[in-house]
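Asks: Given the structure of chain D, go ahead and fit chain X onto it with the hints provided.
The residues making up each chain are set out below.
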Amino acid sequence: MRSLRHAALLLVLCASASAAAQTSYTLSGRVLDARQGAPLPGATVLVEGTGAGAAADLDGQVRFSATLAPGTYTLRVSFTGYRTERRPLVLGAAAVVSFGEVRLAEDVLRSDEVVVTGTGVPTERRQLGNTIGTVDARDLQAAAPRSVDQALAGKLPGVVVQQNSGAAAGGVSIRLRGTGTVLGSADPLYIVDGVIVDNSSPNLIDLGGGGQNRLVDLNPEDIERVEVVKGAAAAALYGSRANNGVVQIFTRRGQTGAPRVTLQSSVSQSALRKRLAVNRAPFSRPVGVAGRTEVQRFDYQDDIFRGALGTQQYLSVSGGTAETTYFVSGGYLLNQGIVRGNAFERVSARARVGQALSRALRLSVGGAYASSGGSEIPNGGLAANYGALTGFIFGPNTVDIRPDPVTGVYGRGLVLANPLEVVEVYDFRQRTNRFTGDVQASYVASPALRFDYTLGLDTYEQAATAFIPRGTTAPGFPAGFARRAELTSTLVNHDLRARYQTRLGAVASTTLIGGTVEQDRSASVAAQGTDIPVGVRTIAGVAVPAAPGETRAQRVVAGLFAQQTFGVAGRLFLTAAGRVDASSAFGAANRWNAYPKVSASYAVSDEAFWRGALAGILPTARLRASYGETGGLTAIGPFDRFNRYVPVTYNNLPGFYPATQQGQPDIRPERQREIEVGADLGLAGGRAGLEVTYYSQRTTDLLLNRSLAPTTGFSNQLQNIGVLTNRGLEVLLRAQPVATNTAAWTMTATFATNRNVVSGIEGQVLQFPDAFGGFTAAVNGRALGVFYGSTYRRDADGNLLGQAVDRSGPVPVPLVQNGQPVLVPATRTPGGFLVDASGNQVYFAPAGPAGVIGDPNPDWTGSFINELEFGRVAFRVQLDASVGGDVFNFTRRLAANPNFGTLADYQREIEGEVLPGHFQRLFGTFEHWIEDGSFVKLRELTLTYRVPGAALPPGVQGLRVSAYGRNLLSFDNYSGYDPEVNVGGQRTTVRGFDFVETPIPRTFGLSVSASL
Amino acid sequence: MFRRLFSPRAARRSVLAGLALAVTLALGGCDFDPVNPNAADDADALGTRDGLLASAVGLQRLYNVDAYAPLVLVPAVTAREIAINRTLINLEELEQGMGNLPNTNNSVGALHSSLYRVMALAQGVRQGAETVPTVEPALRSGLVALASFYRAAAIGGLAQNFTHVAVQAGPGAAFVPREQAFAQAAALLAEAEQVLTATPPNAAFNATLPQGFNLLASVRAYRARYELFAGNFQAAIDAADRVGTATSRFAYTDLAPNPIFNAFFVGTPSYAARENLGLPSVEPGDARVAIYTTPTPGGTSTPNGFPTDPLAGFFAAGRPVALPTFLPGELALIRAEALVRLGRLPEAVVQLNAVRTKTAAQDPFGVGAGLPPYAGAVTEAALLGEIYYQRAAELYLQGLRLNDQRRLGQPGPAAGNPFVRNRNFYPFPLQERINNPNTPADPPV
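Line by line, the protein sequences give chains D and X.
Heads up: the first sequence begins at 1 in my numbering, then just goes up one per residue.
Heads up: the second sequence begins at 1 in my numbering, then just goes up one per residue.
So that you can see chain D by itself, here it is in the shape it has in the complex:
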């Protein structure tokens, strides 16, 4: 009876026969690199289907105990970047079992890599119908990045990483397969160890352009690997949050064995990579122009930029027993900005403890704390115009900006702020204290059935202060300015999932069901004022306070998901999945949304017909296809569904009336549908792998602001009306042309195109106010964020029109005659003016009508990474390319204007190379200031030497010395500082906008890493 009940229970739980008599075995062995024979610490050995296993220690040794029934098992040995080995394991009478040496070969294709993002359960890449990008710590940390997003640049196709600012903690944007929203943030969803983390870019103080994004709080040294899911086809399980893709970051964990200590220290030096040529003309104006005087010219870049130092210290300790593993780390980063007065500092600590509570129940608890911040210098002129580089570019550079030696008063006479005063006197600071932690429990009910629960918390408080003393040149703040703003943010997520694996004949089945609850809360307060007494830097001191502001937000997302995968004969894998979720931000009628997904992966090279000739050419070939849907809610404010009443006063009484924007009670997520197809091919006897993917995304229900009939009492409303498509091709090639036991050459090349098209814009053109009131736009049929403004004047055939002035007034003339630009000074009158053949003066025409004048979206992006290894020396070089994107060089436009005249353009006008008034006329022709922003950058360069064991000091087991460089060279035709920076910061719709944002520096460094 009892056994019957037992059996029934087993049937219910679909457990295997594991309940039979069990023996306690001790298993041991060693995991080595097949090529060099070096140990592979961290490689994992698992007895498949039992949960028993352990990781290799520093010597590659693995030892663990397992209580199992005698029989034949499969031993799986795996390590990131290596092909997984499976070998039979026979457990018999002997309690001590050695499985000997396992040599793992490098996996160029990475098809054996196990990933979890987008699938919910650890899954070998070969089973997936979609691509998933993975990056290992080694590739991320090669050139000592400051943040993980910066380090992702060039690592994967279809992942466009743009560092928007070269400030000490300058923000980074990531676009996965293009931009998928207009009004919201287009950056992906970030998950760290199962915890949804905040990566917003709170601009608490106005730094002129962009600011930090909060991923900067995460120490990249703590990262073990990163997984990137790029679109709806792969991300359906993230439902309403996944339109921009998902980036999951896994931090390091403790491993069984004696304590492993890693100590790392680096120093770096950063400098301005390229200077702008300033106006050196000794006169203020061209000959014959009123107000021409003799002037002295200065280069304020000398006063603004510096050689900046950086240092990074890092210590980690990990180890553990079969039951308990631990990992702790601490890090300190100081990164000076190349703009004087700008520095970023980060103190971080992380710990994780894993504990087996029973054979079935495991607990892992992790926590990370970071305190990051520093001093800021405003630059860039998109918002406030009191910045240092802003002051420089508006010039004129004819003022000695140094303080008066007697009074200490900084030089006056600039159009905007004195840059030297900005870097020496302003006091702008930010500080963020952040805790991210998680509790993860896993319960292995049986080899087939497993439950996982994750509780995640991410909370931070960011405080920013701004202070400009009274009596400075800061425009608009003659009596000083003080501001303090604080933001608190808390994200909590619960995830529960159950996985059931079984076999139905030749078909392996994996079933996943789960649920998630995600809660966000944030609040910000700000107070500021002007007219500040001497000696006070706080808002308490201001004589003219502005009304303080506070906003609060809260949102909840809850979802249920399920996924079923069938593996047929180990070569055809079919997956169907879906998620339904709801958010408090959605209208009540549209609260629940469903997102399906189907995918297939077919290892065609495993088929019998492949053997022979085909296998000779393509040893492995896999075809995959995937379709999925996701939602986007970054464009939806937590309370956008309500009508909002604006506080007003009348008759000195408080009252309110409705805002002109009507609430949208039916607001629903933007919906993306994506199909992707691709192939993974192994070439050259497995020494090269090619991954090719084509995707087509269509985001409908795109939120846009739509005008309403004024008879409704409102003027506009958010409506789910737009459409955005992204289509592209991604290619990833990995190859190892040379692999001997002393030398290796590995290369990785990526290539990606993306074509983005917007439609559904009311009135065809939507100009975005945050680019100076509309210099970027969404235009139907064009890519999002195109530059929009006055064009050149053209004739009916599209030829540029100039303008000649004769007695009857201005008449249009072609700017190019007989293939020669008319503006080339072929003929000069005695007055020095350029004339055409009829003796008329020639000028550029006044601007033509407004239209699309450029597109910041590149035609293609790519990278080329080469790693060379000779014995103890390793060399790694990474080139990144971005081709076909335009940059709006607002910086140059301003500096060419005669009122400012800071750069060499105006010098040409003063010296008569171009006509007087040339640049004044071009000032209003915005098309003239669009430049090709294509570049190839020498992004990362690393030279590493492994000190031989004999030379190591006692107690040191390994020592590496590296020299590295980042952003050393840029091959481009761009005339400004850097085609990559963007004064719009992380804004979705202001891209490629150059307006004196801090350029990205060239950085050299030295690093020493020791393992003890």
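No lab work stands behind these hints, which were simulated from the structure alone.
Please note that a few of the clues may not be correct.
Said to hold, decoys possible - Sample of chain X residues facing chain D (criterion: CB under 10 angstroms; computed from the structure):
no., residue
1, D31
2, N38
3, N304
What the hints assert, rightly or not - Pulled a few chain D residues facing chain X out of the computed Cβ check, cut under 7 angstroms:
no., residue
4, S584
5, G587
6, R644
7, V648
8, Y650
9, L653
10, Y657
11, S707
12, P710
13, N716
14, Q736
To be verified - Far from chain D, by Cβ distances over 12 angstroms, these chain X residues were calculated:
no., residue
15, A40
16, A56
17, T245
18, Q362
19, Y388
Ideal Cβ placement from N, Cα and C applies to all residues, glycine included.
Replies: Below, chain X alone, put in the same frame as chain D:
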């Protein structure tokens, strides 16, 4: 016990129970309908007693400050009371008028949209007053009357300038001919008058009204105005009579400033008063020219070069200075016109003379013509002409002249004549047309 707890089955069960509990707790924390702490929503504003009181304040602000500026200034340019004095495209289009005023003009758009905002909020306040149970009768009567007053003022203000009016704001609003709109406005005011006299509002309501604003008198005066425009002449006379000598003011403060003062004296002014109040000629000795303006030779407007004089009177008294809700002279002129329309010409002359002979000192707002009694022909046409002149001078910048010109037979748009209106009615804004299929056809001019 120990064994039981740690038996695989019990452990499994307890873990599962723990996970279920965690999920339950997590879901328990799910608030799918959080309250927006940053701003009031409809439920706060129109569904609670306090919200309705605050909405009553907001409604006054919306009309008296925000909507009043376009309501007065936009038709004042069209009817030539004032000149534009700044080269902004919307202003230039407005002063050119006729076919040069496109349906994308921002000034006309502001006139249209701001009055519909008033209408929508007034409808909400009224509905809230009638449905929120905690609103006591003496508060309800005040809220209903206030909402009706402003809704009527919005309807009337629109009917003065457009051929058709949507008398009920909302999605897919339907338009009625302007005559019907005036009748609807008058009916709303009739109801408001009835409600106010039946249940005088309590102190809680009256506290929302500024000093000097007499709601009942305003309701009656506006009723007289719209009854006249709707052609209900006796009702217009009766309503004007019931106002008696009462006056009413829209109050302003520095934070809710006088919008006419703002437009003429703050920052870069967009407008200037035309010489002679924009009339081709004024009757010699008419003191009102020097009351409303400070005649100064030599001033001209930009860019069209019309002679201008600095604006004066209560318009120029400062940001926090009140404006009349209606002028006492309007009541006499309403009676005069209604009497003429009813054929009672001698009685009309009496009313006319009350305005003609009034001196500044006799008027609560300091508006007095100081002219001798009427000596012209006592015919309908002559009297209507005289009534137009008196209304133009007496009711300068009350937003009424464009409608008066049409009603009282003044000549219509003529190219190159800066003394006749440049449009009869405004085109319906494009934003309305593309979003509301009920938008009527635009008038030719």
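Asks: All hints, please: hold or fail.
Replies: How the hints compare with the structure:
Because the smallest distance between the Cβ of D31(X) and any Cβ of chain D comes to about 6 angstroms, under 10 angstroms, the interface hint for this residue holds. Because the closest C-beta pair between N38(X) and chain D is about 5 angstroms apart, less than 10 angstroms, the hint holds. The restraint placing N304(X) at the interface with chain D is violated, with a minimum CB-CB distance near 24 angstroms, outside the 10 angstroms limit. The criterion of a C-beta within 7 angstroms of any C-beta in chain X is met by S584(D), whose closest approach is roughly 5 angstroms, and the hint holds.
At about 11 angstroms, the closest approach between the beta carbon of G587(D) and any beta carbon in chain X exceeds 7 angstroms, and the interface hint on this residue is violated. Contact between R644(D) and chain X, as hinted, is supported at the beta carbon level, the nearest pair being about 4 angstroms apart and thus within 7 angstroms. This hint holds: V648(D) has a C-beta 5 angstroms from the nearest C-beta of chain X, less than the 7 angstroms allowed. Checking Y650(D) against chain X by beta carbon gives a least distance of about 4 angstroms; that is within 7 angstroms, so the hint holds.
Satisfaction of the interface hint for L653(D) is found here, the shortest Cβ-Cβ separation to chain X being roughly 5 angstroms, below the 7 angstroms cut-off. Interface hint at Y657(D): satisfied, since its Cβ lies 4 angstroms from the closest Cβ of chain X, which is below the 7 angstroms cut-off. At a threshold of 7 angstroms, the smallest CB-CB gap from S707(D) to chain X is about 5 angstroms, leaving the interface hint in force. Taking 7 angstroms as the C-beta cut-off, the interface hint given for P710(D) holds, the closest approach to chain X being about 4 angstroms.
The beta carbon of N716(D) is not positioned within 7 angstroms of any beta carbon in chain X (closest approach about 9 angstroms), and the interface hint is therefore violated. Below 7 angstroms, beta-carbon pairs count as interface contacts, and Q736(D) has none with chain X, the closest being about 45 angstroms; its hint is therefore violated. A cut-off of 12 angstroms between C-beta atoms contradicts the statement that A40(X) is not in contact with chain D; the least separation is 4 angstroms. The beta carbon of A56(X) sits about 7 angstroms from the closest Cβ of chain D, which is not more than 12 angstroms, so the claim that it is off the interface is violated.
With a minimum CB-CB distance of about 24 angstroms to chain D, T245(X) clears the 12 angstroms threshold, and the non-interface call stands. For Q362(X), the shortest C-beta to C-beta distance to chain D comes to about 29 angstroms, beyond the 12 angstroms cut-off, and the non-interface label holds. No Cβ of chain D comes within 12 angstroms of the Cβ of Y388(X); the nearest lies about 31 angstroms off, and the non-interface call holds.
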